[in-house]
Amino acid sequence: MANIEEGVSSLRHNMTEVDNSLSETLMDIKDAVQDLNSSMIESLSRTGAANCKDLLKIEINTTEPVQIYPYTCCPDHSEDVVCNQQLDQGGWTIIQRRQDVRPRENFYRGMSDYVRGFGMLSGEFWIGLKLIHELTTQSKQELHITLEDWDGNVRWARYSTFKIGSAEDKYRLTVSGYSGDAGDALAYHQGQAFTTFDEDNDPHTGAQCAEYRQGAWWYKTCANSNLNGKPITGSDSSYTGIFWVQWLGFGYSLRSTSMMIRPAAH
1 MANIEEGVSS
11 LRHNMTEVDN
21 SLSETLMDIK
31 DAVQDLNSSM
41 IESLSRTGAA
51 NCKDLLKIEI
61 NTTEPVQIYP
71 YTCCPDHSED
81 VVCNQQLDQG
91 GWTIIQRRQD
101 VRPRENFYRG
111 MSDYVRGFGM
121 LSGEFWIGLK
131 LIHELTTQSK
141 QELHITLEDW
151 DGNVRWARYS
161 TFKIGSAEDK
171 YRLTVSGYSG
181 DAGDALAYHQ
191 GQAFTTFDED
201 NDPHTGAQCA
211 EYRQGAWWYK
221 TCANSNLNGK
231 PITGSDSSYT
241 GIFWVQWLGF
251 GYSLRSTSMM
261 IRPAAH
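Per UniProt numbering, residue 1 is the first one in the sequence shown, and the count goes up by one each step.
It cannot be assumed that every hint is accurate.
What the hints assert, rightly or not - In silico EDC-like cross-links for lysine to aspartate or glutamate, where the CA-CA straight-line distance does not exceed 20 Å:
| # | residue 1 | residue 2 |
| --- | --- | --- |
| 1 | LYS230 | GLU148 |
| 2 | LYS220 | GLU148 |
| 3 | LYS163 | ASP198 |
| 4 | LYS230 | GLU199 |
Source of the hints: derived by calculation from the structure; they are not laboratory data.
Given the sequences, and given the hints that come with them, work out the whole structure.
This is the structure we're talking about:
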């Protein structure tokens, strides 16, 4: 009997040791995975990927914020961005996103904020005119815009050419080559400079369009699209919401939008 009890005790001891060993092994695996993720980010730094399409080429397809190195003048200077690697074979760098989240991000801002960028990459954000200019200067870029209404209907617009000018050119918009099912609400803004409430670059002589539309955009006199407008739920008689005229008109503010760019296929 004593031998049996001794054997059971020994077995329990061995099982405890095995359990502890397994726990340690699992912790080691977890640490190894974390180290691998860190190593991937470090290797990304060494690759000097200039945009999300470059990341896709080296099989970096995370939906988490990642670093890119877009500045030809300063190869060690990085920027945090979010990629979309699922849409149409991926490679998209998201430059703007509006979502029905709380708290809502304030998009009624001055020029310095729009140049620098603002918001949270996990929610609503604008990556900044300076960075958009840099990305669209590297090579010919295409733009994809996704729009969602408050009933869950989704439309899209794509432009085969999208470029933003320099600060000296007031971040002027070049856009053409529309396709999609949302209607072309950007053609009206072709060639316009970027306007905010504190820097009026629109040609309208009777109004300051950023104030009038409560946003910031490549306003003309004033807008067929206003994706940086006020977050309003649905019907909007003030015409200051997030609108895309060719789909739902001036008087409907959208639930969500995203703007993303990638190098165009040659």
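Hint check:
1. Distance hint between LYS230 and GLU148 is fulfilled; the C-alpha atoms sit about 15 Å from each other, no more than 20 Å.
2. A distance of roughly 24 Å separates the Cα atoms of LYS220 and GLU148; the hinted pair therefore is violated under the 20 Å criterion.
3. For the proposed pair LYS163 and ASP198, the alpha carbon gap of about 23 Å is over 20 Å, so the pair is violated.
4. Straight-line distance between C-alpha atoms of LYS230 and GLU199 comes to about 18 Å, which keeps the hinted pair within the 20 Å bound.
Checked against the numbered hints given earlier, the structure breaks hints 2, 3 and satisfies all the rest.
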